[in-house]
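K.L.:
First to last, the sequence lines map onto chains U and W. In terms of this note's numbering, the first sequence is residues 54 to 349. In terms of this note's numbering, the second sequence is residues 2 to 375.
No wet-lab data here; the hints were simulated from the structure. A portion of the hints provided could be inaccurate.
[As the list claims (entries may be wrong)] Taking lysine to aspartate or glutamate pairs in the EDC-like style, the calculated list, with each CA pair at most 20 angstroms apart, reads: (1) U:K289 / W:D209; (2) U:K289 / W:D242; (3) W:K111 / U:E112; (4) U:K295 / W:E223; (5) W:K82 / U:E305; (6) U:K295 / W:D242; (7) W:K111 / U:D251; (8) U:K295 / U:D243; (9) U:K316 / U:D251; (10) W:K232 / U:D59; (11) W:K56 / W:E140; (12) U:K168 / W:E223; (13) U:K295 / W:E222; (14) U:K168 / W:E366; (15) W:K3 / W:D244; (16) W:K111 / U:D243; (17) W:K56 / W:E125; (18) U:K289 / W:E223; (19) U:K276 / U:E312; (20) U:K276 / U:E305; (21) U:K246 / U:D59; (22) W:K3 / U:E305; (23) W:K111 / U:E111; (24) U:K295 / W:E140; (25) W:K132 / W:D169; (26) U:K295 / W:D244; (27) U:K289 / W:E140; (28) U:K295 / W:D358; (29) U:K295 / W:E240; (30) W:K111 / U:E273.
[What the hints assert, rightly or not] Residues from chain U that face chain W, not an exhaustive set, calculated with beta carbons under 8 angstroms: (31) V89; (32) F130; (33) M297.
Note that the Cβ used here is the ideal one computed from N, Cα and C, for glycine as well.
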Amino acid sequence: MAIIVDEKTKVVVQGITGNQGSFHARQMLAYGSRVVAGVSPGKGGQELDGIPVYDTVEEAVERRGANASVIFVPARFAKDAALEAISAGVSVVVIITERIPLHDAIYIMAYAREKGVTVIGPNTFGIISPGKCKIGIMPHQIYAPGPVGIAARSGTLSYEVAAALTGAGFGQSTVVGLGGDRVVGQRFVDVLKKFEQDPETKGVVLVGEIGGSAEEEAAEYVKGMTKPVVAYLAGKAAPPGKRMGHAGAIIERGRGTFESKVKALEGAGVRVASVPWEVASLVKEVLGQTIESEQR
Amino acid sequence: MKLYEYLAKDIMSKFGIPVPRGSAADDPAEVERIAASIGGEVVVKAQALVGGRGKAGGIKFASSPAEAREIAEGMLGSELKGVKVEKVLIEEKLKIDKEVYVGIAVDTRKARPVLIASGSGGMEIEEVPEKEIVRRLIEPPWGLEAFMGREITRRLGLNGPVGGKVADIIMKLYHVFTRCDAELTEINPLVISDGNVVAADARLNVDDDALYRHPELPRVEEGTPTELRVKSMGLSYVELDGDIAVMANGAGMAMATLDVLQRYGGRPANFLDAGGGASVEPMAEAIGILLSTKPKAILVNIFGGITRCDDVARALIKVKETVGFPVPVVIRLVGTNEEEGVSLLRQHGFEAYRTMDEATRAVVEAAGRANPWQ
Chain U
54 MAIIVDEKTK VVVQGITGNQ GSFHARQMLA YGSRVVAGVS PGKGGQELDG IPVYDTVEEA
114 VERRGANASV IFVPARFAKD AALEAISAGV SVVVIITERI PLHDAIYIMA YAREKGVTVI
174 GPNTFGIISP GKCKIGIMPH QIYAPGPVGI AARSGTLSYE VAAALTGAGF GQSTVVGLGG
234 DRVVGQRFVD VLKKFEQDPE TKGVVLVGEI GGSAEEEAAE YVKGMTKPVV AYLAGKAAPP
294 GKRMGHAGAI IERGRGTFES KVKALEGAGV RVASVPWEVA SLVKEVLGQT IESEQR
Chain W
2 MKLYEYLAKD IMSKFGIPVP RGSAADDPAE VERIAASIGG EVVVKAQALV GGRGKAGGIK
62 FASSPAEARE IAEGMLGSEL KGVKVEKVLI EEKLKIDKEV YVGIAVDTRK ARPVLIASGS
122 GGMEIEEVPE KEIVRRLIEP PWGLEAFMGR EITRRLGLNG PVGGKVADII MKLYHVFTRC
182 DAELTEINPL VISDGNVVAA DARLNVDDDA LYRHPELPRV EEGTPTELRV KSMGLSYVEL
242 DGDIAVMANG AGMAMATLDV LQRYGGRPAN FLDAGGGASV EPMAEAIGIL LSTKPKAILV
302 NIFGGITRCD DVARALIKVK ETVGFPVPVV IRLVGTNEEE GVSLLRQHGF EAYRTMDEAT
362 RAVVEAAGRA NPWQ
């Protein structure tokens, strides 16, 4: 088991003939993901390393049974691409593209809700269930299969945390990049619910940051969870009113502060690491016994 | 992008929202002329992108054109909450019978726009008690309908012709929100004055990522010269007040680097996200800009995913061979093509750390030594 994507996931890459799309399609294929098709309007009939390219997602679904899409198209075409994927009937849409207009993201999420589609991103590194399926741009050598679920708002910081966990012998069930934008398809609480239900996941790590209220919402849900949660939050040193790289990483009018998030999470029993590499030792503390007792 | 009040009002006015008679100026003589043409008492408002302008002395009333000029002379070129005032807005003074707040923002949790209104106009909405705030989520793609404006208006306790006018302005504000790709638009206060309803103050923040499709909108740049320069390269940069310059890849990683630096007693000079997959040239240019801010030391923290360690090494070598490093540069380099990157660095006299912990401690120590710029 894993959440959202696994060995049954069949991926269509939208924007497969572009630089990013072709590079990462090959990387995903090399990792063992079932990349069954690519889409690039006007380029149907081509092939990329044996992956057939179509003009529409509809065709990729009909002919190749694609059930997940990953979007690499430029920001101004991303709304159309996402709506196309949702309309074509895939169940998961991963939007790697950054700098998508906020109103476009709202529109995409509205259609996804109506169709019951899980959107990951925008502005995400993707999602990976190690050993089963990788959809995204992450350096996959840092992951290993295992019992820890990770949900993160930022890419590189989550790589740092995942690599530390793998190094300490804790593999991952699924790692979900929520995306750095303000409006994203999956928030911490959505992913926590899925990890709570997933038998393979024994504990969860949240990699959060300043801005918004996703961590505070997560804290509310954690109170009723059976699985332990560890977190690391970035942005303690960030000044208010400044956008720290991500559209969503900004303390606006006194809201979304580091202190508010730490207080909420700690109040819910979450162990909050003071530096990124401390996550591994906290996971060891909260999971060590669970795992040993199961191995006996 | 935050628009100045006078620009926001100009746009709202084009959408049919009544605004006070007035005009903006950057010259005291012009201010006097505008005040004279308005006639009677006027208000002079400093145009600065800061909250709480009134309390900070950025809004003053004048009973004559000469007094308006005097006020403008004091405001223009002065600093309001650390921001230089380059323009003032001169408007008729409104007789205030009642003030309300109306705004449209994005509820990121619900992924929908939300209409917010309150009977306590003039106060920052954050300071209004929650029970006095009326909210209505707007369901995309249908959007806001006229009846919703009427319902909100009723909940504010307004009725009759005035209620009708407020409801109409709410609809128009929604058009401003959608057609300008706004992140936030507010009228605070919306003033009821002798049966008329007028937007006495206006806020319009446009989504930066949607600016490409709004050539019709004015452009307002906010930031220091260095911030604007780095922004034009497509990178995220925020100036801070410390002395250790920082470059990291990824927003979260860059934030975490500042946090760890501070934890070890260092003072970061900036936030710089070199991006997920920056190539040699822009990285070298970014490091050059960091040097131009005259830090005591530089910390480069890279966890290579798409960013290749050998590219990072080449960027550093390029800077060393062109402008040179007058200050210590501490490098943490791991990930994709790490071995190649580290060996390139060694050949050019750099050392690289493997962990963020070691590198951060080392750079704090290096910055504690003599300042090479003195």
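K.L.:
Below or equal to 20 angstroms on CA atoms is what counts here, so check K3 (chain W) against D244 (chain W).
P.N.:
Status violated; Cα separation ~29 angstroms.
K.L.:
If you take the shortest Cβ to Cβ gap from F130 (chain U) to chain W, is it below 8 angstroms?
P.N.:
violated, 12 angstroms
K.L.:
Let's test the interface hint: is any C-beta of chain W closer than 8 angstroms to that of M297 (chain U)?
P.N.:
holds, 5 angstroms
K.L.:
Hint check: K289 (chain U) vs D242 (chain W), CA-CA at most 20 angstroms. Holds or violated?
P.N.:
Given that 20 angstroms is the threshold and the Cα spacing comes to 15 angstroms, the pair holds.
K.L.:
Does D242 (chain W) sit within 20 angstroms of K295 (chain U), going by the straight-line distance between their CA atoms?
P.N.:
Judged against 20 angstroms, a Cα distance of about 14 angstroms means the pair holds.
K.L.:
With the threshold set at 20 angstroms, check whether the alpha-carbon distance from K168 (chain U) to E366 (chain W) stays at or below it.
P.N.:
violated, 56 angstroms
K.L.:
Need the status of pair K295 (chain U), D358 (chain W): alpha-carbon distance at most 20 angstroms?
P.N.:
Measuring from Cα to Cα gives roughly 26 angstroms; hence the hint is violated.
K.L.:
Does the alpha-carbon distance linking K295 (chain U) and E240 (chain W) stay inside the 20 angstroms limit?
P.N.:
holds, 10 angstroms
K.L.:
Verify the proposed pairing of K289 (chain U) with E223 (chain W), using a straight-line Cα cut of 20 angstroms.
P.N.:
violated, 23 angstroms
K.L.:
Would the hint linking K232 (chain W) and D59 (chain U) be met if the CA-CA limit is 20 angstroms?
P.N.:
Roughly 39 angstroms between the alpha carbons, so the hint for K232 (chain W) and D59 (chain U) is violated.
K.L.:
Would the pair K289 (chain U) and E140 (chain W) pass a check requiring their Cα atoms to be no farther apart than 20 angstroms?
P.N.:
violated, 35 angstroms
K.L.:
Mind checking the alpha carbons of K111 (chain W) and D251 (chain U) for me, to see if they're no more than 20 angstroms apart?
P.N.:
Violated. K111 (chain W) to D251 (chain U) sits at ~25 angstroms, over the 20 angstroms cutoff.
In summary, the numbered hints that this structure violates are 1, 3, 7, 8, 9, 10, 11, 12, 14, 15, 18, 20, 23, 24, 25, 27, 28, 31, 32.
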